[in-house]
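> This is what each chain is made of:
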Amino acid sequence: MKSHIIIFLCFVLVLPFFPGCGREDLSNLSDTLYVRRNGADMPAYIYGNAASKVFLIVLHGAGSFGLAFREGIFKYDLESQYAVVYWDQRSQSMAQGKEPGNAFDVAERAEDVRALIQTIRHKYGDDISLFMMGHSWGGALGSQYMVTKDYQYELKGWIEVDGAHDFPQTSIARKNLIDTVAQQQIDQGFRVNTWQGILDKSALLMPGDSGFYDGIFDLALESLALVKEDGLVNSPNISADLLYHTFMDNNPVTWRMQDFHNKPAIDALDAGFSVSDELVKIRIPCLFLWGKYDFSVPPEVGKDGYGRVSSAFKDLIVFERSEHHPFLSEPELFLEAVEDFIELHK
Amino acid sequence: MKRLALLLLVNLPLWVFSQNQLELPSGTKTNLTLAYFGNNLWNPGLKFGLEQCGKDSYKSVKRRGKDKIITKYWFLKGDIGGYWDPRSHVGLFANVGIGRRKLRPSGVFTHWGISPLGLYRSFYPETYEVLDDGTVQQISAAGRAYFSPVLTLGFGKPANRNVNRNWFFNFHVMGLNSYNGHWLPLLNIEYGYFLN
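So the protein sequences, as listed, match chains A and B. Using this note's numbering, you'd call the opening residue of the first sequence number 1 and step up by one each time. Using this note's numbering, you'd call the opening residue of the second sequence number 1001 and step up by one each time.
For reference, chain B alone in the conformation it holds in the complex (with noise of 0.2 Å):
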């Protein structure tokens, strides 16, 4: 079940994109994103991510008497990226999912995902393990690995998708399974650019 669900998500993001490639329309395009990670607001940490956008719908709107159009579209995205707890471990993390933007008029954007398949590891810093007979033995890489479905929202400007530095702000909820018998939420923000 394991390898199943690792084999699901390395594979996953490369299989969607490929697919969506060849159906996408040629207007779609692929950003890439870098961000600053905090986890627990203040844990430092780095996330990478590549989105794969969908065909734009645009919706046009009146506003103080002119007309303006809003434009929203889909994207598939997959994100990597870790963190760095400083007194108790380091965490890494990889997620693929599903997300909708909402470009404004006003040049803000906003945009939530879904990422229900996700895998984050946890890294110890010096770590014994203590067998039954006694014996203590370091152990190398110690860590545990949790099934990690993550939410985002956010929001950024500007919207123009083919402008650099566009800079966006996230709310990030990671969930870890199992954690001691139970599901445990990540509070983290993230601060990045679109680097494309």
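So that you can see chain A by itself, here it is in the shape it has in the complex (with noise of 0.2 Å):
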């Protein structure tokens, strides 16, 4: 019996050397490939259908991961039409490297993108149609990389959804959006006294006071808390999915640790960065979605950088019944607008 036990662990273990493992059907593709570069292994994962030669770039969040977003309409619905590449971006989640990440700038962060870029074109041939979605951070990340050089027209399209392409606009944006909401609760009954209290309190909070970003990043968590209770916006479930890559294809102790030790978002909250006075330099098709209680990146940051690119072709959707994460709440309508998206600029 023990004999057994042993070859069969024997087996297990020898099983991941044997070539071929992975899926290499490019109509149902499972692919795992790293790209190296300035001292960081950044991990892709890419799933779907490659033999549409339509490639979808997912640049995660702050203190998220690649395949936290291979759930719903990513994995039943886009996966089906593209390929989709979740990237654990530099100094996150199951990336490895020696340097720590505030090392690193979102200037040279974009590079890390280009070099994805390239090697996915390496791999998967120049005639490819690449697209790119950065959600959140990755929507900042994703602005500084179309503004650098001419990296852009590596991209049929880029997608930004709830970006913060910039960090000192978001906050008072934030704002913005607190004493919006709030008025209009009020003027509608509801909790009539509590968004008072709010109202009360942001308007003890200015631009350019020591505690503005503290008190309105809690404000914003009342708000937001509030808009929830209130049926504002839909609320979406925690699905099996998303629970298994974040417990079985990912290592939860390591993207944790990995996010606590490496903040890029912090670093470029801190830095002050924005590129909104580059984003005229963008001419490829773009789409910028956003969720309209969405107090963490507003729809006004969305607006400004919608009106800001000079794309023959951008559009602006916001989700009436989203907060930060619309492909969530309203994953239907999301998916139409992606498809569609695709689909006139493939």
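No lab work stands behind these hints: they were computed from the structure. Treat the hints loosely; a few may be bogus.
A few chain B residues that don't get close to chain A, going by computed Cβ distances all over 12 Å [as the list claims (entries may be wrong)]:
hint, residue
1, Asp1067
2, Ile1069
3, Thr1071
4, Tyr1073
5, Lys1102
6, Ser1106
7, Val1108
8, Thr1110
9, Phe1155
Here are the in silico distance ranges between beta carbons for each label pair [said to hold, decoys possible]:
hint, chain 1, residue 1, chain 2, residue 2, range
10, B, His1182, A, Val280, 35 to 45 Å
11, B, Val1061, A, Phe217, 56 to 66 Å
12, A, Ala103, B, Pro1116, 22 to 32 Å
13, A, Leu243, B, Asp1132, 37 to 47 Å
14, A, Phe217, B, Gly1181, 22 to 32 Å
15, A, Asp209, B, Asn1177, 35 to 45 Å
16, B, Trp1183, A, Ile266, 13 to 23 Å
17, A, Asp315, B, Pro1116, 56 to 66 Å
18, A, Asp315, B, His1182, 37 to 47 Å
19, A, Asp105, B, His1182, 15 to 25 Å
Backbone N, C-alpha and C define an ideal beta-carbon position, used for all residues, glycine too.
Assembly of the complex is requested from the two constituent chains, each provided in isolation within its own frame, with the hints serving as guidance.
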């Protein structure tokens, strides 16, 4: 019996060394590759229909990881039509390296995105169509990529989802959204005292004050909880796929420890990161997708970005019942917007 | 520095064991262990271990009116193993250290170990390096090496070192340094047998 166990364990351990264990069926791809650049080794997980020759690269947000997006419409709809690239950024989740993440600024991280794109082209051919979607912090990173040199022309289109391409503006936009929603709810007679309290606290916080960022951040959290309780946004459930990717595909300890030690979004915040003035350089098709009640990166930031890019085709869609994750709270509408955009420009 | 660490890692177990074999009393013995190694609980792996046990110390205790003997001994240990994280990498490791085992009258033993000297190497699947000039080249056996001390805490049964098929279960914490500029703990479990 013991020998059987030993043989079994040997088989299990040796299995990964056999070539061909990964699926290379291009219409139903399941591939992992690493991109090594400037001291970082960053995994990219590529799933879906690569035979379509359309690839959608997803840039995750702060504290997240690539495969966190592989659920719902990404897994069951977008992957059936396109190849979707879920990527762990430098010093995030399963990415390995020797240097701390805060040794690299956003511009340097944009070069990582460029390296990822070059690698995908190297492996899957120059005839593929590439689209990129950045969520939250990923929106900041993607925007930086878009305004760097002529990198944008590697892509057929750019989709910014609740992206923080302007950190200083984001805090002010939070205050504006809090004030607007509070007044709206007061006017409609919902929790008047509570919303009035928030409005009063907000009135005491002015941009430039030392406690402005933290004070507005706390009020944003409070406001988000209230709009959820008031039924203004759809509350997505935590899916089994998300749990699986968090605990099985990912190493949750590695992910959390990396996030604890390396916070590129906080570094960008401290540096006052903004590419607003450079967005005019963007000429490829752009799609801005925002949640109406996103107290993290309010739609005002999206509207600003939409107004600044020079693209001949650009569109802004605000999801009426969403906060920071419209792909979870209004997945059907989100999918429709993304599909239409890709089909039009692929 | 790296070469020195590697030299120490490879030679220290031999040096330690050879020194101790001369000094240890005749009652000591060598144990071989084989264990399932579960990184993050479910990433499968294997671990082989070698233990050189030191001299037993005995303590008599009263249990339900009867005299019972608790046996304790130190052991030197060297481990080598690896695991497979199916989505992202394979990890191989080797480490050396010491441990202390306590054999209880009930037949259960408990033990702890510390391996201050360890080396870990990750191996990625298909990897491409992108150079500053934009050249993309595939690299083989890509991965990273880390300094990886280990702490273990476990129990097993039976406690008699002369009986085959003693099993053990360990909680195993391996620290990787420098992992993106910090320490990264890997939480693992081991379930295995003494082979001798």
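> Against this structure, judge whether each hint is valid.
We went through each hint and held it up to the structure:
1. With a least CB separation of 35 Å from chain A, Asp1067 of chain B remains clear of the 12 Å interface cut-off, as annotated.
2. Taking the minimum C-beta to C-beta distance to chain A, about 29 Å, the non-interface status of Ile1069 of chain B holds against the 12 Å cut.
3. Against the 12 Å criterion, Thr1071 of chain B stays outside the reach of chain A, whose nearest CB is about 25 Å from its own CB.
4. Listed as outside the interface, Tyr1073 of chain B is consistent with that label: its C-beta sits roughly 25 Å from the nearest C-beta of chain A, beyond the 12 Å cut-off.
5. Look at Lys1102 of chain B: its CB is around 25 Å from the nearest CB on chain A, clear of 12 Å, so calling it non-interface holds up.
6. Every CB of chain A lies more than 12 Å from the CB of Ser1106 of chain B, the least distance being 24 Å, so the non-interface label holds.
7. With a cut of 12 Å on Cβ distances, Val1108 of chain B stays outside the contact zone with chain A, its closest approach being about 20 Å.
8. At the 12 Å boundary, the C-beta of Thr1110 of chain B stays outside the reach of chain A, the nearest C-beta of that chain being 23 Å off.
9. In this structure Phe1155 of chain B is separated from chain A by more than 12 Å, as the shortest Cβ-Cβ distance comes to about 20 Å.
10. Distance hint for His1182 of chain B and Val280 of chain A: a CB-CB separation of about 39 Å, consistent with the stated range 35 to 45 Å.
11. In this structure the supplied range 56 to 66 Å holds for Val1061 of chain B paired with Phe217 of chain A, their Cβ-Cβ distance being about 59 Å.
12. Look at Ala103 of chain A against Pro1116 of chain B: about 28 Å separates their beta carbons, and that is inside 22 to 32 Å.
13. A beta carbon spacing of about 40 Å between Leu243 of chain A and Asp1132 of chain B agrees with the range 37 to 47 Å that was offered as a hint.
14. Distance hint for Phe217 of chain A and Gly1181 of chain B: a CB-CB separation of about 26 Å, consistent with the stated range 22 to 32 Å.
15. Evaluation of the 35 to 45 Å hint for Asp209 of chain A and Asn1177 of chain B yields a pass: the beta carbon distance comes to about 41 Å.
16. Distance hint check: the CB atoms of Trp1183 of chain B and Ile266 of chain A are about 20 Å apart, consistent with the given range 13 to 23 Å.
17. For Asp315 of chain A and Pro1116 of chain B, the Cβ-Cβ distance of about 59 Å falls inside the hinted range of 56 to 66 Å, so the restraint holds.
18. The hinted range of 37 to 47 Å is satisfied by Asp315 of chain A and His1182 of chain B, whose Cβ atoms lie roughly 42 Å apart.
19. At about 19 Å, the beta-carbon gap between Asp105 of chain A and His1182 of chain B stays in the expected band of 15 to 25 Å.
Hint check: no violations occur; every hint is consistent with the structure.
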